[in-house]
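Chemist: Make one complex out of these two single chains by using the hints.
As given, the protein sequences belong to chains D and F, one line each in that order.
Be aware that the first sequence starts at 3, since it is given in this note's numbering, and climbs by one per residue.
Be aware that the second sequence starts at 16, since it is given in this note's numbering, and climbs by one per residue.
Read the hints as simulated data drawn from the structure, not as lab findings.
No residue lacks a Cβ here, since even glycine has one placed at the ideal position from N, Cα and C.
A few of these clues could be false.
30 Å max Cα-Cα, derived DSS-like pairs, lysine-lysine [what the hints assert, rightly or not]: (1) F:Lys-122 <-> D:Lys-112; (2) D:Lys-348 <-> F:Lys-71; (3) F:Lys-75 <-> D:Lys-348; (4) F:Lys-115 <-> D:Lys-348.
Here are the in silico distance ranges between beta carbons for each label pair [unchecked claim]: (5) D:Asp-80 <-> F:Thr-123: 56 to 64 Å; (6) F:Val-211 <-> D:Pro-15: 43 to 51 Å; (7) D:Ile-367 <-> F:Leu-56: 35 to 43 Å; (8) D:Val-68 <-> F:Met-16: 34 to 42 Å; (9) D:Glu-334 <-> F:Lys-151: 53 to 61 Å; (10) D:Ile-367 <-> F:Met-16: 21 to 29 Å.
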Amino acid sequence: MKKFQSLTFWKKPSVILALILAAFFLREAFVTALFPMFSGQDEPVHYITAQFLAEPKEKTWEITKVDIGDTDIARIPDLIASEEVKKTVDAAELETAESKHFFVQGYDGKNESEIVANDWKKYIETYPPSIVGSTVGSGKIYHQLTSLIEKIFAGQNILFRFFLIRIFSVSLGALALLLAYLIFKNSGFSEKAGLIMTAIISFQPKFTTYITNVNYDALLILVFTSFILGGILFLKNGPNWKNLLILAGSLVIGLFTKGTAIVLAGPLVALALFYIYQKLIENKINWKHVVLMLFLVASAVGLLFFKYDFQTIVQTGEEKISFVKFLSKASEKIPDVSENYWGNLKWIRNNFSKYFIRIIWAMEIVAAIGIVFFLFLKKRLDFLPEKKYVVFFLGMVAALLFGVLFSNWLITTSGREMLYTAPGRYFLPNLAAHIALVFTGIGMILRKEKYLECALLFGLVLMFIFNFYVTFNVLIPRFYL
Amino acid sequence: MLVLIFAKFFNILSFPDPEIILEKGEIISLQPNFSLTQTFLAKRNNLTKIEFMLRKPGPKDNDIVKIEIADENCSKTIYQGTLEESFLASDNLYDFQFSKIPDSIGKTYCLKATFIPGHTDSQSIKFFMTENQDPKFILKDNSGAEIKNQSLSMRLAYRNDTLSQDMSELSQRISQYKPWFLKHFYLNTIAILFVVLSIGLVTVLILL
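Extracted from the complex, chain F is given alone in its bound form (with noise of 0.2 Å):
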């Protein structure tokens, strides 16, 4: 069981970008059946998570949000997959999880989410949009017709290259606005200290 809860915690460590609010401004819908497609921009190396902000209800059971990552002309796709709920309780976060792109820094992508329904009542789909003015976020609805100034309300997450660099930028983020003694290598020594002391805690009282 500590495997699978470390096993857990290892599979959703991905960093999203902090400077990304996820804001509930205009809505864009997505029809059954039809596409939209949102261009970005990566800032970061080890590009791997997508984050949305939906209006709720979002998909229900059966209902199928495919999502494809393809380079920024929109023809070779990446990866695809589907859009789940987030980890994090919220009615209206959803992402859309992948294997790292090792390369992804200042490169551009195309997101293509399309809708494809389970039930013949499904309703569209609705994305939440935010304000964006920077060229490399170019968002086209289900006619194709692209929506000036908007993109979808989305946070892009990243890891690193190895495990410990993930570790370091946990640790980092732990210890911002902490005082000294449970930041940087305090907080480290103190986090190893108590799962090592946790678990010989248990293995002493098993054994005696």
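Bound conformation, chain D alone (with noise of 0.2 Å):
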């Protein structure tokens, strides 16, 4: 009976979910000791802005102001920080082109009792600082909160602080994991289903990778995920208090958070005319007002995007090319910003990490077809979302995506560089979306249930693999042999 008992435990969800979260806090801690400190994407600056925000607003202290130019200041110890953090990467050797340490014997760096004393100023005295943003406001929400990391524990050394810091940015990033499952709970996928898709992407290596990092992006993950979560009950239940208020918030914490999510209006106006539709449908509302805020709509959007020449840009004198053109350019670059987006760190030689993303290449066409099949037939299989909750998704990746394009689009009209790529990373908000269209397409595909949950077995052995893969194969090799 006991043992009955116990099996019967292992079965249940929440457990199963607690397990999910607990193996991927304990592998992101891993990963977070990993990276050398600073070493993540633009975490020097996210950093310095943390401990920026942490001064005191009265500056008693001298401050010598500076002129950067159009300096772009991309190396470490060229960054304008505190005295605190750029003897931290000279004691560290951090500036060095590999990013290794000069390792000793033991458990503390060569020069580590200099940085645990603690005793350097953790003010910045030379200004503009290399931070996120401008020295007047607040600043921005993630940053605000780590702020408060530094202030909190001031009295710990700075290696103290950074990593728990990173910590913070993996918590955000198990609420975002933790939201992912609620979101395919609640779209019809099956609770076995949702609990298999929630794991995958706590193996995804480029979010496992990049959850790690001080940076902004690990909230703008998790606002986009509990985004698509409003929507989600947005359309499950129509609109009440609860998902207006996490519609609304996500959108204000994103714009907070990072400039992205201004690419949630569009689904969010999206959800508000479905409404609208469904109680026309119902004939519960008036053709005029209908027509009233259509019009209110295509003028805010006529507004926002008519100071924009989408016929023609000129490229720094030499050739025009077309907006159409400009997009034909940035889809060949599609192969590589997907190797990214799946985590495909160029950093080992006989990289095995492209045979992984050609499988899950494959899965993701096929996914592609079901979709397309999903969306034209009128049968739908019960063990599948209905199509509002896919249609959904799919506005969620358009919108996104068109963000990132439109965004591109601009700085290269600027002129500042011809920019028809992005890194992988910018579509990680989004991966909840991504998970549940690819096993929605499989699952058209399939036809069947336990076919589904074969091919959604596969993918989490498949991701698994990979994120081992990536953290012994090539992020151990890469910093420490």
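Modeler: Given below as structure tokens:
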């Protein structure tokens, strides 16, 4: 009886979910330790911002102003930061090209005692500091939260504070995982399918490496996932205070996190229009109100975009390319972007990551075909989400894709650089929607729930192996061997 | 597949001398069908790999750079093999890996590199050198002439007597410049737990 009961215990969704989150958190804590300090994407600038916001409002120390011109400061030693950051970089020898420390015997680094002594100045004495945003204003939400960690643990050394902030980013990732599970559960997937898809996300190599960084994208991923959940609940239950709060709250927090969140406005409007459409069908609202609302939406969109010339752009006075040609050139970069999105770190020769990714691409192609069938066939398979949820997922993917492309196009037209590509991490905020679409499409092709479960398990094992490959055969050798 | 991943991990687990920075100094050319020799001193037991910096392009397909490790008189060969591209994606980094030499500490060895071209038009292989005044490091070129105060830009890598000692050294390296909760015992516990929980999770989901 006890053995039977213990087996039943492990089958409980809440227990499995707890196992997913625990395994994720511990794995991410380990990966957090693998990346040397400041080696994550834009980490120095994000950390310096947190440290800057933790300073007292009244600057009672002397501040020297320098002219940095148009220099794009990329090297850590060139960043304008506190004495503590600069001396830590020095002491830990972080500015070498290999980003490898000079290891010594023992568990403490060669100059670690200097860092741990914690007696360097934590405030910035040279302006403008290398921060996100400006020195005026209260900064982005992520930096405000991380500056709280800086303030609360001011008595601890920078190693403690920095890596605690990384753990904070991981916590945001864990929360995003939890919300992803709720998305799958509420959009019509079975409990088992939802758990497996959540586990798949928890092993996605790009997500699991990137979420360990001191970077506001960790909060952005959470915000997008929260918005998607709000959208699913809105579609499922109609508008109520709970899902409207989630939607509006996600949008507002997103806008105060990173400009990318503006793309959420599109799906939000689409949800409102869908609701209106439903009410029209039920004869519950007046056509005149609908026309008025559509006119207002069209006007807002027109005002937003009228100043952009989509016909031609001038590229350094040499070649003129249109927005359509820009899209065509950008589409050539899709394989590179996709490889980056799935976590191909090109640090290792004979990198097997590309084989994992080729298998993933094959699954995505099958899924894409399945999604087309799904959208055009009337008969619904009851183990897959309803059409409205899938259309919403597609809308989220399209909105973010449009946002990234549009932003790149603006940079290209400004003459700063030709920007046809984007890092794969820019598309991580939609990871939950992406996974939902992939397995909806595959489910549509396979037609039976038990075959979909096989595909899910295959995807899970693939992602798990890929994740361990990246951890043990790429990250550890890259930084420590 | 998981077994293969860990097998590969344990295979590449060796610890390059952290005091050596591979530099791109002056060049010494290894001509086709010629050899150069380098004596060197091992600082630890269990010498298992030597890394080299080569100028691009390195050996082409079918070109072979034969490497021999011999005693300090360059007479008795201990190991021989070929120079391979490093597992790290660097255009300049190559290595020669061999079974560990258990009692290598404090001993001087002789390395002989011979270029066997695979094509009639194969160019010379260019090794970077670095300044080195240690008398144990003697470099001789294709003609046997000693090149003073220079040695090949190379780095020795070692292992430990046992795998658990290797894991302990790896844990030490990862622990450096980390806070207490990501060091030593805590780091090891986190690592063991995450591996166990991850495998357990996948197993539970498969059996569900």
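Chemist: Hint by hint, note whether the structure agrees.
Modeler: Going down the list of hints, with the structure as the test:
no.	hint	verdict
1	F:Lys-122 <-> D:Lys-112	27 Å, holds
2	D:Lys-348 <-> F:Lys-71	19 Å, holds
3	F:Lys-75 <-> D:Lys-348	21 Å, holds
4	F:Lys-115 <-> D:Lys-348	29 Å, holds
5	D:Asp-80 <-> F:Thr-123: 56 to 64 Å	43 Å, violated
6	F:Val-211 <-> D:Pro-15: 43 to 51 Å	21 Å, violated
7	D:Ile-367 <-> F:Leu-56: 35 to 43 Å	56 Å, violated
8	D:Val-68 <-> F:Met-16: 34 to 42 Å	53 Å, violated
9	D:Glu-334 <-> F:Lys-151: 53 to 61 Å	54 Å, holds
10	D:Ile-367 <-> F:Met-16: 21 to 29 Å	23 Å, holds
Taken one by one, the earlier hints fail for this structure at numbers 5, 6, 7, 8, listed in ascending order.
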